[in-house]
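Chemist: Here is what each chain is made of, one letter per residue.
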Amino acid sequence: MAKLLEVKNLKTYFLTDDGLVRAVDGVSYDLEEGETLGLVGESGCGKSVSALSILRLIPYPPGKIVDGQVIFEGRDLLKIKEEEMRNIRGNHIAMIFQEPMTSLNPLLTVGRQVSEPLEIHQNMKKKAALQQAVKLLESVKIPEAELRAQAYPHHFSGGMRQRAMISMGMGCNPSLIIADEPTTALDVTVQAQLLELLKGLTKEHGMSLIIITHNLGVVARYANRVNVMYAGRIVEMGSSIDIYENPQHPYTIGLMASVPRMDQDVKQKLIPIEGQPPDLANLPEGCPFHPRCKYAVEKCLHETPVLEPVDKNHKKACWVDIKSGK
Amino acid sequence: MENKNLLEVENLRVYFPVHRGTLIKKKVGEVKAVDDVSFKILKGETLGLVGESGSGKTTAGQAILQIEPPTAGKIIFEGKDITGLEKNERRKLRREMQMIFQDPFSSLNPRMKIGNIIEEPLIAHKLTNNRKENKERVEELLQMVGLMPSMAERFPHEFSGGQRQRIGIARALAVNPKLIICDEPVSALDVSIQAQVINLIEEIQEKLNLTYLFIAHDLAVVRHISDRIAVMYLGKLVEVASRIDLYRNPLHPYTKALLSAVPIPDPRLEATREHIVLKGEIPSPMFPPSGCRFHTRCPEAMPECSSRIPQLKEVDSHHFVSCHLFKD
Ligand SMILES: Nc1ncnc2c1ncn2[C@@H]1O[C@H](COP(=O)(O)OP(=O)(O)OP(=O)(O)O)[C@@H](O)[C@H]1O
Ligand SMILES: Nc1ncnc2c1ncn2[C@@H]1O[C@H](COP(=O)(O)OP(=O)(O)OP(=O)(O)O)[C@@H](O)[C@H]1O
Ligand SMILES: [Mg+2]
Ligand SMILES: [Mg+2]
Chain A
1 MAKLLEVKNL KTYFLTDDGL VRAVDGVSYD LEEGETLGLV GESGCGKSVS
51 ALSILRLIPY PPGKIVDGQV IFEGRDLLKI KEEEMRNIRG NHIAMIFQEP
101 MTSLNPLLTV GRQVSEPLEI HQNMKKKAAL QQAVKLLESV KIPEAELRAQ
151 AYPHHFSGGM RQRAMISMGM GCNPSLIIAD EPTTALDVTV QAQLLELLKG
201 LTKEHGMSLI IITHNLGVVA RYANRVNVMY AGRIVEMGSS IDIYENPQHP
251 YTIGLMASVP RMDQDVKQKL IPIEGQPPDL ANLPEGCPFH PRCKYAVEKC
301 LHETPVLEPV DKNHKKACWV DIKSGK
Chain B
327 MENKNLLEVE NLRVYFPVHR GTLIKKKVGE VKAVDDVSFK ILKGETLGLV
377 GESGSGKTTA GQAILQIEPP TAGKIIFEGK DITGLEKNER RKLRREMQMI
427 FQDPFSSLNP RMKIGNIIEE PLIAHKLTNN RKENKERVEE LLQMVGLMPS
477 MAERFPHEFS GGQRQRIGIA RALAVNPKLI ICDEPVSALD VSIQAQVINL
527 IEEIQEKLNL TYLFIAHDLA VVRHISDRIA VMYLGKLVEV ASRIDLYRNP
577 LHPYTKALLS AVPIPDPRLE ATREHIVLKG EIPSPMFPPS GCRFHTRCPE
627 AMPECSSRIP QLKEVDSHHF VSCHLFKD
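Protein chains in written order, with this note's numbering: chain A, 1 to 326; chain B, 327 to 654.
Among the hints, a few may not be true.
[Claimed, not checked] Subject to a maximum C-alpha distance of 20 angstroms in a straight line, what follows is the list of computed PhoX-like cross-link-like pairs (lysine-lysine):
hint, chain 1, residue 1, chain 2, residue 2
1, A, LYS141, A, LYS125
2, A, LYS135, A, LYS64
3, B, LYS504, B, LYS369
4, A, LYS199, B, LYS605
5, A, LYS141, B, LYS605
6, B, LYS406, B, LYS504
7, A, LYS199, A, LYS269
8, A, LYS269, B, LYS504
9, B, LYS533, A, LYS267
10, A, LYS199, A, LYS141
It should be emphasised that the hints constitute simulated quantities derived from the structure, not laboratory data.
Only chain A is shown next, with the shape it has when bound in the complex (with noise of 0.2 angstroms):
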């Protein structure tokens, strides 16, 4: 397969009144082209701001981009003029982001902005691209879309919104999509329509998708790769299956160990990780998670640990061997 998205030490700041935030301090992974790569993570940890950088949208001041590469389909977003930008968020990589309302404008109707887009990415006549969004409400299964289209989003139910934000994205045939939780406002039920249908989606057209979501077990449904975020920085990537049947950063396994499991029959309890979240603009010294960490040396103390390879594809950034303790 080959590579659709580079991302290479990737680093955004923001300074504010705290102080300096390293949201995201050096980050670097690789999407192939149809994969769903699953992003997961504390509140806080760096994973919006890690995809908001990828198409440039953070807001300056008080964020940057201060160091690092984007490179898709063979070229550097960050080195690209904001026009030529403005083609790959219409035309190659869209976003989806958790409450649609604040993406959907509402004064026009939701046909409106579904058939915007088009004319202007893809030069269509306006009847033209009215019926293609006809077409794409329905092919996100909005019931009467030709009707539907004439609403205004209010009208919408928060389901329904999101359907309307992903037909939105869709229309310009993207090769990634980057949704960032999704579902989490939504009820369940709504939340296993719409992520089934994101999955359908990516499928039918050979899509790449970036998942952003705390929850493990829609990573687990979706994904077929994993990165683990900790306080702005990637603290162990892999397969699904690496990182759910061999999860090898002391955050990840306490992660692991930390949710319920409906499939379990007896009452286990659960294992907290201890202590809080990290503050970004006041981070420890060495590891950020050792204050949090039962595995902690002294070295964690010191020196901070960088992405070193357990396995093929799988890596962590931790001193500790988990296994032999060292």
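Knowing the structure of chain A, use the given hints to seat chain B with the ligands on it.
Modeler: Coordinates of chain B with the ligands only, in the frame set by chain A:
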């Protein structure tokens, strides 16, 4: 004989009128948020209450606490009907039942010190005799929820989400309640912090012999913490069973869909697991479907489902379901 039920809810209904117009308000309809719901909670047990947004979980909890007066039905606490009590008696009842809320940020007064927040109910219910006793009790409560006594002097904004939830729990425990209604107590917390709070809720239950109504939409969490689980759909109970039965042998088509929709953190299992994808979304509670409220989305709907309302019946030992697929 001693009554083993701490709480019995009988045919509870909570309807909210819907008005139109600004000057002359006209009632144009009503939301049947809770519609003929009955269940029991045994002493010392945890009953989980699950269902999608708007299904009436919070309203049911508030009706039990009499925050929201029931439109009809009975709420029997320790064998005594507590609906329509005098103000005085209702106040006394507040000591027996407490609530823990979803949002640890908005449920604490930002201008009050933690110590004052926790001692407020102690003073209101005259549970302590002097300031010294107050202070000791606050310290004891803070320790019980895993916080330091010195934290009594700090303000809510100095605490993380998980710590604020602990403070909310300490405040609820202050009056020595028998029943605690936990309304989505961990939904707003990060996964790693959720486990800390869930463990705390379990520990204090054991220590203080508490009874819980645990409301949440995360089925894995509810299943973990509950002895029995009740499933709601659009104001109605559709199934009640023990945690094991409900998962191993769900009977109602809605329960089946709900359980199958929850992905399990196990990629190998998920690769082969079938998901029942329901059509459509939960209908408006102002215009609920006729007959069985689930029939518009039910993969197994039959003609009678749109005309007859199914009743909750025991189809297996301690396993209740409300569905026409099951005959008495
Ligand atoms: N516009 C901004 N100004 C200042 N700081 C910001 C801004 N956006 C993000 N940050 C900071 O960057 C860090 C990473 O934020 P990000 O939104 O990527 O987290 P996340 O992992 O997506 O969390 P969540 O799960 O809550 O969505 C946070 O500490 C946040 O406070
Ligand atoms: N004070 C009120 N006035 C009018 N309608 C209300 C009121 N409170 C709740 N409702 C309606 O009653 C129904 C049930 O709401 P409730 O908050 O009990 O649901 P829930 O199951 O707790 O949902 P969630 O999971 O979103 O918390 C909803 O349709 C809601 O809009
Ligand atoms: Mg985010
Ligand atoms: Mg609620």
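Chemist: All the hints need checking, so say for each whether the structure fits it.
Modeler: To see whether the hints hold, each was checked on the structure:
Note on LYS141 of chain A and LYS125 of chain A: the hinted pairing is violated, with a Cα-Cα distance of about 24 angstroms set against a maximum of 20 angstroms. A threshold of 20 angstroms between alpha carbons decides the hint, and for LYS135 of chain A with LYS64 of chain A the separation of about 39 angstroms lies outside it, so the pair is violated. As the CA atoms of LYS504 of chain B and LYS369 of chain B are separated by approximately 9 angstroms, the hinted pair is consistent with the 20 angstroms bound. Simply put, LYS199 of chain A and LYS605 of chain B have alpha-carbon atoms about 17 angstroms apart, close enough for the 20 angstroms limit, and the pair holds.
For the suggested pair LYS141 of chain A and LYS605 of chain B, the alpha carbons sit about 10 angstroms apart, so the restraint of at most 20 angstroms is met. The suggested pairing of LYS406 of chain B with LYS504 of chain B holds, with an alpha-carbon distance near 15 angstroms, which does not exceed 20 angstroms. At roughly 34 angstroms between alpha-carbon atoms, LYS199 of chain A and LYS269 of chain A are farther apart than 20 angstroms, so this suggested pair is violated. A threshold of 20 angstroms between alpha carbons decides the hint, and for LYS269 of chain A with LYS504 of chain B the separation of about 24 angstroms lies outside it, so the pair is violated.
Restraint check for LYS533 of chain B and LYS267 of chain A: the C-alpha separation of about 18 angstroms stays at or below 20 angstroms, so the hint holds. Distance hint between LYS199 of chain A and LYS141 of chain A is fulfilled; the C-alpha atoms sit about 14 angstroms from each other, no more than 20 angstroms.
Violated hints, in rising order: 1, 2, 7 and 8; the structure is consistent with all others.
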